[in-house]
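S.K.: In the order they appear, the protein sequences are chains A and B.
For the first sequence, the positions run 854 to 1167 when the working numbering is used.
For the second sequence, the positions run 1076 to 1306 when the working numbering is used.
In short, the hints are calculated from the structure, not lab data.
Beta carbons are placed, not taken as given, at the ideal position from N, Cα and C, and that holds for glycine.
Any given hint might turn out to be false.
Unchecked claim - To give an idea of the chain A side of the interface with chain B (calculated C-beta under 8 Å), a few residues: (1) Arg959; (2) Arg1033; (3) Arg1035; (4) Val1039; (5) Ala1041; (6) Ala1042; (7) Glu1045; (8) Asn1046; (9) Arg1049; (10) Met1052; (11) Leu1053; (12) Gly1054; (13) Tyr1055; (14) Asp1056.
Said to hold, decoys possible - From chain B, some residues computed to sit far from chain A (all C-beta separations above 12 Å): (15) Ala1098; (16) Gln1238; (17) Gln1264; (18) Pro1298; (19) Arg1302.
Stated by the list, open to error - A few chain B residues facing chain A, derived, Cβ under 7 Å: (20) Ala1145; (21) Pro1149; (22) Gly1175; (23) Ala1297; (24) Phe1300.
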Amino acid sequence: MSVTGKIWALHLGVLVMLAVAQAVLPAYHANNLARIMVLAVFAMGYNIAFGYTGLLSLGHALFFGFGMYGMGLAVWQVEWTFFPAVVLGLLAGGASAAAVGMLALRTAGVSFMIVTLMFAQAGYLTVLYFNQYTGGDQGFAVEAFARQVFGYDLAQDTPRAVAAFVLFAVALVLNLVLVRSRFGRVMAAMRENEERSRMLGYDVFHVKLRVMVISGLYAGAAGAAFGVLFGYVGANFATVQYSILPMLYVLMGGAGVVLGPLLGAVVMFYLIDIASGLTSAHLLVVGVALVVLVLFAPRGLLGMVRERWLPWLP
Amino acid sequence: MLWLEGVSAGYGGVTVLRDLSFAARAGEVICVMGRNGVGKTTLMKCIMGLVPATAGVVALDGEAMQALPAHEVPRRGIAYVPQGRRLFGPLTVAENLAVGLMARNKGEAVRERVLDLFPRLRERLTQVSSTLSGGEQQMLAIARALCLEPKVLLLDEPTEGLQPSMIAMIRDVVVGLRATGVATVLVEQRVSAVLGMADRVAFMDQGRVAEVLDCAGLQADAPQFRRYVGV
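Build out the structure end to end from the sequences listed, making use of the hints.
M.R.: Written out as structure tokens, the structure is:
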């Protein structure tokens, strides 16, 4: 089988496995899986920026929050229905990433990280400050009429699981197409050597800005989906924790590997879920897991797999 | 033609190039020589816009380049292979070439022409570039630059650290570029390599081009080599 054939077979196989898992798992785990798939879409966006292009951002909570609030406020304030509200959330994520990118991409490295963090914190504080419009730290529930799609109620487990799966499948296929495209190779070139890319005639700023917007669209889609599928929009989703989470998923699963965010999200989600049932110091367990990861698989789980066994893994 | 007139450039408050003038004609190979720290690499970076010229003119075919952003310089037709090659390590040979081809929307025909110059790379298209030998990496760096179909090719110490057979291959490619009309400007320290490749030698001293000589008739023990390079 050709490398392209292997790649598509693997990724479609993973999608089939997820669909089967959704069907056979008990309700609790199926619900968790829906949540994981939406968060994995968020992390996929982060992976496009960080794993493939080398943009270490701490501001992705802002794009996720813009997606969530873009959708939520459209429902709450102007009573938009599902599709226009979710599309608005998606675009809000992309637009916020473009705005942040225009300024933050004038810096690089640690400065870029700090500037993006600053923007995300400003976004979080803005949500709190305008609490009469945003619901402040209490947030608000997404109204039932906006959770109806083709006659199905997304508050029910099965439609929600299907919607999460569809979102994940579309995001995964687009991600795969992107990283295997000509632009995907330019992204990798940019990550490896920015100056050399410039010397080949690439406008580094504009390439990175496009990457930020794509990453923001993923985060916006995930934010909007999270709000509408789980019925709640709140300021805690715009905190710095939601900038760090996708980074941890990507680092755990494998930066620069398409399936890395999914695996990272599964491992981290259940690590936190199980550890929090055992001890209130569950973040300590997460910390130990990360130390072990750095020691034995510094490129992440799938990064290690690619290094040792599957060099064709995209 | 690449033409520099009265160019000054440097880093912060330190001026490295002082009132430098220099020209490279289409189809010629010109070698820049000089002692360490004299400004050879700075000259390359200044032509590419990586070190901005504080005075003077850098022009290609009559168009001033010094005010252009750095990424526009290769688009105008100047390609640069820096010291140390700087490949995209995790990408394969084919992907490295593709990144070069895409930069100026070049197609399969250009790729084939470049691979004809480097048959060794054709055998290693699917190999990850960081696993190539030093000489093969240098070939790939030059091949990737040639994917831009440049009018001027800048090579900074292309034979550094390579075994003689690889040096010979690179020399053959550089010499072969003459026929395509590409002007090649190379920084080189090995006198034997220079005499085998270059049409002219530009000797640099104290940030200026002090003397330009035709290679024809120049011997390895010429006084200019002793004066400017110390050999």
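S.K.: Does each hint fit the structure? Answer for all of them.
M.R.: Status of the hints after comparison with the structure:
no., hint, result
1, Arg959, "violated, 14 Å"
2, Arg1033, "violated, 11 Å"
3, Arg1035, "holds, 5 Å"
4, Val1039, "holds, 6 Å"
5, Ala1041, "holds, 6 Å"
6, Ala1042, "holds, 5 Å"
7, Glu1045, "holds, 4 Å"
8, Asn1046, "holds, 5 Å"
9, Arg1049, "holds, 5 Å"
10, Met1052, "holds, 5 Å"
11, Leu1053, "holds, 4 Å"
12, Gly1054, "holds, 4 Å"
13, Tyr1055, "holds, 6 Å"
14, Asp1056, "holds, 5 Å"
15, Ala1098, "holds, 22 Å"
16, Gln1238, "holds, 24 Å"
17, Gln1264, "holds, 22 Å"
18, Pro1298, "holds, 36 Å"
19, Arg1302, "holds, 33 Å"
20, Ala1145, "holds, 5 Å"
21, Pro1149, "holds, 4 Å"
22, Gly1175, "holds, 6 Å"
23, Ala1297, "violated, 33 Å"
24, Phe1300, "violated, 30 Å"
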